[in-house]
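**Student:** Can you make the complete structure from the sequences, with help from the hints?
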Amino acid sequence: MGPERVRLEQLEERPVASPDTIGDILPEAFARASTTRQRVLALAVEPVMATAVRTVVRKDADFLGELLAPTIGAAVRKAVSEAIKAILQRFNEALERSLSVRSIRWRIEARRTGRPFAEVVLLHTLVYRVEQVFLIHPTTGLVLVHVADESCAVRDPDQVASMLEAIDAFVREAFRPQPPGVHLHHVEVGDLTVWVDRDASLAMAAVVRGVPPRALGEWLYEARQRVRLAYQPELERFRSDVSPFAPARSLLEPILRSARRPAPRRAHLWLMLLVAAIASLVGALVDRAIGQARLLDTYVDLLQAEPGIIVTSATRDGGHVRLEGLADPLASHPSDVLERRGLTAPELTFEPFSSLDPRIVERRAQQRLHPPAGVMLTLGDATLRAAGVAPRAWITQARSLALAVPGIERFDDQALRAEEADVEVREDVEEEARVAALRAAARALETTTLYFMRGSAELTPDAALDHARARWHALVTAADAAGLPICVAIVGHTDPTGSRRANQALSKARAAHVARALAMDDARVQIVGAGALHDARPLHRARRVTFWVDVGAGCPSPDGRRDD
Amino acid sequence: MIEKLKVCMIGATAVGKTSLVARFVSSVFSERYATTIGVRIHTRRVALGERQVDLIIWDLSGEDEFQSVQPSYLRGASGYLVVIDGTRRETMDAAIALQERVRKTIADAPFVAALNKTDLATAWDLADEELAALHGRGWSLLPTSAKTGEGVEEAFDRLTTRMLARQADSWT
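Those protein sequences? They're chains A and B, same order as listed.
Going letter by letter, the first sequence gives residues 0 to 563 in numbering that gives the first Met the number 0.
Going letter by letter, the second sequence gives residues 0 to 171 in numbering that gives the first Met the number 0.
Quick caveat, the hints were computed from the structure, so don't treat them as lab data.
Part of the chain A face toward chain B, derived, beta carbon under 10 Å:
(1) L143
(2) D155
(3) D157
(4) A160
(5) S239
(6) D240
(7) S242
Now the stretches of chain B that chain A is said to cover, found in silico as 3 or more residues with beta-carbon under 8 Å:
(8) 1-13
(9) 38-44
(10) 52-58
(11) 69-75
Using 25 Å as the maximum straight-line C-alpha spacing, the simulated SDA-like pairs for lysine to any residue come out as follows:
(12) B:K103 x A:V170
(13) B:K103 x A:H182
(14) A:K507 x A:P555
(15) B:K103 x A:A173
(16) A:K507 x A:P537
(17) A:K507 x A:G341
(18) B:K146 x B:R22
(19) B:K103 x A:P137
(20) B:K103 x A:A199
(21) B:K103 x A:V181
(22) A:K507 x A:R358
(23) A:K507 x A:C554
(24) B:K103 x A:R171
(25) A:K507 x A:T447
(26) B:K103 x A:I166
(27) B:K103 x A:G180
(28) A:K507 x A:L538
(29) A:K58 x A:R227
(30) B:K146 x B:A21
(31) B:K103 x B:L140
(32) B:K103 x A:F237
(33) A:K58 x A:Q224
(34) A:K507 x A:A552
(35) A:K507 x A:L295
(36) B:K103 x A:P179
(37) B:K103 x A:Q177
(38) B:K103 x A:P176
(39) A:K507 x A:G553
(40) B:K103 x A:R236
Backbone N, C-alpha and C define an ideal beta-carbon position, used for all residues, glycine too.
**Tutor:** What follows is the structure in structure tokens.
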């Protein structure tokens, strides 16, 4: 039992483990363990440290925030600053591409003032921006902390704060007596306001561009109270060293806020689009109305030009067109006249009447007299002229019938011979052939069309001018051989684009150009400008000149009389 | 460590305070403010050994029969520079009167008296006995010239040294 007894006695002699004894050795134990068994010590302490931090966060999160603010605050500020710069850059680019009246006005202002365009936009869209915050020691006027928005120009904060204090002193002195504690509250210069919140130990001043928010006073008061609570000992000891107040930046920086006007609603854009849509609709309706008015004129012009047709009324009700008038049974039917020109006939109401138009009278004479093949009837000055060879009985009958035809006052049969001998018959046959050749030559020219360049009286390069010239010469030869007068109406047309007056002039110029190009005899030619040709497809086919040949009658003289 | 000290410049009208301080400081404000509210603010960083001190200098309008120095402008100053025009004896009397009044507002603040316009030696109007009397009152006198720059830096350095020493004393 000897050795056991000794060990028991030794154990009894060892000092009892108490908080005091452990407290004495704990720092040394940590120091030694951190050098010899650092990893094990870290693992052992880690759960305790984690629990401690969690407890602190739950109890006083602000405390942890204050610990981290100096490092995290700077990093966050930098990141936010970079982000804002990027946003401003994009904003700038977007605006530079836009061409609203307002952006042009701002662009002019930017050029005039030398400021960056984005800054001008920012200032115009700004409600307010707290640009600077001063924490001032009121007794000395010295700046303890100063924070400023990175985008604004800052002048020496110490001088500014001192001048503010001087102004405060000056105003109180100039308008004394003032109750104790009454100080300058705010100063306004243009769109800048300097807002001051103070008590005897601390003053805060905020420089605000724009309209200061209502809550600004509360922000300053709250920040000032926090600074005072956190730095009361430093404030009491303050003589000249401002370093202890540097961490208070984190309490001032949240006041550097700004607010901008919400982006203008897009309503005006939709309104503009609506107005544009209405304008184009009205434009289309007007265009359509003009087109319909032109079409109506074209109907009337075409029908009026047709012998034996008189238009007495042309009305348009919306898209519905109605034409009324008189039509000789021997005239072309009005719908045929229009369809020949490629137009769809509108509603037509034409009453029959007996026309005295020489061409209708001539047709009526043909219908009543039934001239034999060797006879050609022509009308001029109310005189029906018969030429050729006919049976004597027919000649006799014709002399009486002709004068019964309305519009015929005289019958001239001097060029008419009665069938008598074989030689004469043979001659008559030859003459009949010459008349037939003349009619064929006339038809040939009438089927000739010459096309023109757009908007001019110049023929297209592939125009069949030589062809037309050959047919004109053939017609002249045939007319001379037959001994009969002819009148060739050269009719010019245009496409429907352009004004009616311009088209009228152009169509006539085209007809005149063809007359010159073919060296046509003026006495046998009539220049006609028919104006625009509607519904020709394709459009360029409307730019043309056609020929209408009247055989057996000369062209009317300028006074309307025909030369025979 | 960043230290800041408020300094006032006082003296009779036209003793050369503004010219003196203009050789020494930077200012963001124009001359007009001085006549409007009676003070111009300047700043200057001074290095004394390893210590960097920002001087916030309140250049107060000169005192004459039409205007007097506002005591409220002196409040919180750590020290002041009294400027005397060596060519006008009456400015010394004004300086003495001013210093008396300033002392009532900022009792223990150190100061340095600048005997300005030393470049005008021929027009010098201050007798040695009078200067000796000022010495006897505990005044720290320093000849300066705003024109040549003589003594200007030294005057501010001396004042700064005294202000810092005064602060050190107040802690002990």
